[in-house]
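Novice: In case you want the letters, here they are:
There are 4 protein chains.
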Amino acid sequence: MGKFKSKYDIFRQQTRIIVHGTTTKAGRIFDLILLGVILLSLFLIIMETVEGFDAKYHSQLVFLEWVITIFFTIEYILRVISIDKPVKYIFSFYGIIDLIATLPMYLSLFFPGTSILTVVRALRLLRLFKIINHPHFTSQSIHLKEAINASKGKIIVFIYFVLICTIIIGSIMYIIEGKESGFTSIPTSIYWTIVTLTTVGYGDISPQTPLGQIFASLVMILGYGIIAVPTGIITAEFAKRNINSNTNSDTFKTSCAKCNTVIQNKEALFCHHCGNKLNDFIGSS
Amino acid sequence: MGKFKSKYDIFRQQTRIIVHGTTTKAGRIFDLILLGVILLSLFLIIMETVEGFDAKYHSQLVFLEWVITIFFTIEYILRVISIDKPVKYIFSFYGIIDLIATLPMYLSLFFPGTSILTVVRALRLLRLFKIINHPHFTSQSIHLKEAINASKGKIIVFIYFVLICTIIIGSIMYIIEGKESGFTSIPTSIYWTIVTLTTVGYGDISPQTPLGQIFASLVMILGYGIIAVPTGIITAEFAKRNINSNTNSDTFKTSCAKCNTVIQNKEALFCHHCGNKLNDFIGSS
Amino acid sequence: MGKFKSKYDIFRQQTRIIVHGTTTKAGRIFDLILLGVILLSLFLIIMETVEGFDAKYHSQLVFLEWVITIFFTIEYILRVISIDKPVKYIFSFYGIIDLIATLPMYLSLFFPGTSILTVVRALRLLRLFKIINHPHFTSQSIHLKEAINASKGKIIVFIYFVLICTIIIGSIMYIIEGKESGFTSIPTSIYWTIVTLTTVGYGDISPQTPLGQIFASLVMILGYGIIAVPTGIITAEFAKRNINSNTNSDTFKTSCAKCNTVIQNKEALFCHHCGNKLNDFIGSS
Amino acid sequence: MGKFKSKYDIFRQQTRIIVHGTTTKAGRIFDLILLGVILLSLFLIIMETVEGFDAKYHSQLVFLEWVITIFFTIEYILRVISIDKPVKYIFSFYGIIDLIATLPMYLSLFFPGTSILTVVRALRLLRLFKIINHPHFTSQSIHLKEAINASKGKIIVFIYFVLICTIIIGSIMYIIEGKESGFTSIPTSIYWTIVTLTTVGYGDISPQTPLGQIFASLVMILGYGIIAVPTGIITAEFAKRNINSNTNSDTFKTSCAKCNTVIQNKEALFCHHCGNKLNDFIGSS
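Protein chains in written order, with full-length UniProt numbering: chain A, 1 to 285; chain B, 1 to 285; chain C, 1 to 285; chain D, 1 to 285.
Keep in mind the hints are simulated off the structure, nothing from the lab.
Glycine is no exception: its CB is placed at the ideal position from the N, C-alpha and C atoms.
It is possible that some hints are incorrect.
Restraint-style ranges between C-beta atoms, simulated for each label pair [claimed, not checked]:
(1) B:Val62 - D:Cys165: 40 to 46 Å
(2) B:Asp54 - C:Pro112: 56 to 62 Å
(3) C:Phe11 - A:Leu222: 44 to 50 Å
Using the sequences and the accompanying hints, generate a full structural model.
Specialist: Below, the structure is given as structure tokens:
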């Protein structure tokens, strides 16, 4: 029994390395397979909406969906048994998502033909966000998140200002162009303004009168300037982070032999903290 | 009477905190309610232009409009009685806007069916700009305004140059494409040029001849480079501000009383040059 | 005669101040009037291409054109007589442009109905570039020109690379989509590629097959990244200039009393050029 | 024979300078001619797909193709005989591309009418990439490559995140708009999302329902913010490189042999700290 216990322990430990690990080779391969299965699952859900696809490949789709379900079920069981605090995992956000990912086909046995199952299956998509937290990407995504968070305040003020502008521009275009040109109401005009200011420009609605075209030209030139603002905000944040990380790597650092204070001034002759003469430098990083 | 006076004073003071205050909790809740009522009012004006909406919900719209009017009226009275210098407020820009916001329904009793009332109601939109001056956003919007103001000179020169380009490109496209392709006149061609250079691209007018398509391709590649310029101008301003604010927050400058060495380290107790104890800071921030 | 001479001299001097000057008040007002007349002239040329406009306002157009011609003629004569080296001016680039600007109506008396006159009149547009050299804008436009010039090398390499990409993408889309979807030839496909990569997106040609839409999606995401490159190049140049000008304004400058060398190091105790002890600082800018 | 040998050696040497050289005048002229022939060749391939072009100019096209083929053949032979290690060249990437560029017309003699020859001819395009490695452009393209490589990690994380967003947005739009508005399936909806987020905006599919238009507006405003991210990433990299290269080119570091002060001024003859004459530079760049 003890022997079995220890064998089970080894099995649990190895499973943990594979299923939860991200740095070992086995763990990385498992992550890649898991990513592949999630993408396959999403691909199936998406393709089912294409006309004629479900009719043509119905049996294959059901078969693949069962393969995916069984894979997710085994993976979920392995995750629960191999982790030290299974309860904490089960009730965590990703734990619930992982459980939900396994359910649809089992539920379809009891409640056949309910379209809610498609939505439940689509929730598997959320598992993809877990990968962004992967150590390989963490440093990159932290950098991204930091810059975006730091820009948030300015961007909210900016979007608030742009939205007021879209209401004003939309109302003016509604008055200028009127119902004949497709500007049937102020909401539609505001929709056109957003399409134009963001330089998307579908062309489903476009000004027909000369006055409307002149005003639209002004709006576009304004949009030109406006699009520069969020870019400027975010770029400045990135540049700041880059320059800072740059400066730090060049910084000369030593410390006082007497009081251990960190000294960054290259030309210091005396410790700025205790006045001790710095005659022996203890290296630069 | 004195007792009533003092009660009235307390009422006035509390009203001032709620209506004019922006930092207390009550003040902030009132600001949020006010924002909600303004947005509701704008939403109603906008939705009235949607075909069939007014016919369907006419009585509800009138009812809601009266609710909003009474809310604005009470708010206006409270603002006037609670402020110390009511006359100054009444004739200030936002004071007039606040008054105008209350009027439309009262005017509609005397002058029914005038469309000017819609325009007057739409002026309530201007109250939204007041929120940008809210302390919560001030630092952000000051930052934005500064960067945009500093860029103004360069952007005007740039837009002047772009406008000359649009005239030249528009004229050339008018000659190349001619009336059959929708380039019916030089103004229309200039409109097309702006639509293309700003990468909006409605597609209501597009080149049909091979030569026109080649020239349009060149214009688009030019537009590619051109769109980079305002972005570059504004981004550089943001970056400058970010780096400066970064540097400033780190900068602390004083100088040693004995050897006059500039000391930038805030925590320095001794001069790093001569070891003199820094007991009197001459400090400039 | 001598008296007349001196009166003529005063007249010439005053004319020079008004016509050639840009810093005096009279000079600036004259420049504004001139700008107005040039813009009016351009406006007339442009509006003549609008259907029905010429027929409706023919006599007014001819009258205004004569007013503009006489204004330009007088201005040209004043410029020639008031300048010190008239021959140099007459044969300079802007001198020729100024002369050409006066000619069309005189030529129309001798060669009526030639459309070449419209082109000659359109050359008045070139006078608008002179204003960019105006002292008021010079510092701004120098800044712009410098940044754009410094970016030129990188942008040429970038456009060369993008053009090769458009040929490759265009060819692939021609093979994928074929003639039915509007991709009638490789040149047309390349045109579509440029329209897509620059995010203009007219929609006159768009992929119809699923494979074409998938490939087009990849091209758009690529275009996403590509549009960032010229912006990045130009922005970095602007930022560099801004930071440099920023740093310079903060720079401490003094000079050695003995050898006059400029000293920028704040902590210098001795001149780095002649070894002279720096005991008297001659100020910082 | 020895005399002939030496003549042949001179011929080989001169050929090497012309064919392989990039810095001499003859080498540069040859490079330009070669570029012209490659572009002509590509132009012919592209124009052959234009309807009616081949029928009209068939004999001229065949003639020009033979001229190009003979030019490439001679060039290939000259490259092989003039280089020191011909085998290494022949089996290098550009050696194989150069050989393939000569083949199509010879192959067409044996296998007439095979469309594969067009693809083989199109491979001549790859020769254009060689020019980017030209010394004239190297410094520029290295700069570009470095910045793009350094941004790669962040951009992959960003695109991964955007792709998840497109799936979510595409699915929601499919549910909101349905089949009537052109959103026939989730893949089509995802295609529309990419067209919108990248601000291309063909307009072949556009939301028709009010709810769809509101949601599309939100997507566009999101796209506004999203487009700023890759621009920010790449710009920050460029800015970093620019500032560094700026700093590096100005930086010169040595230290005083007597007092060990770091000296950054290139023109310093004496230590600015102790006045010691700097006659031996310990210099590190």
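Novice: Look at each hint and say if it fits the structure.
Specialist: Hint by hint, here is what the structure shows:
Our hint of 40 to 46 Å for Val62 (chain B) and Cys165 (chain D) holds, since their Cβ atoms are close to 42 Å apart. Between Asp54 (chain B) and Pro112 (chain C) the CB atoms are about 59 Å apart, so this pair conforms to the stated range of 56 to 62 Å. A hinted range of 44 to 50 Å for the beta carbons of Phe11 (chain C) and Leu222 (chain A) is consistent with their spacing of about 47 Å.
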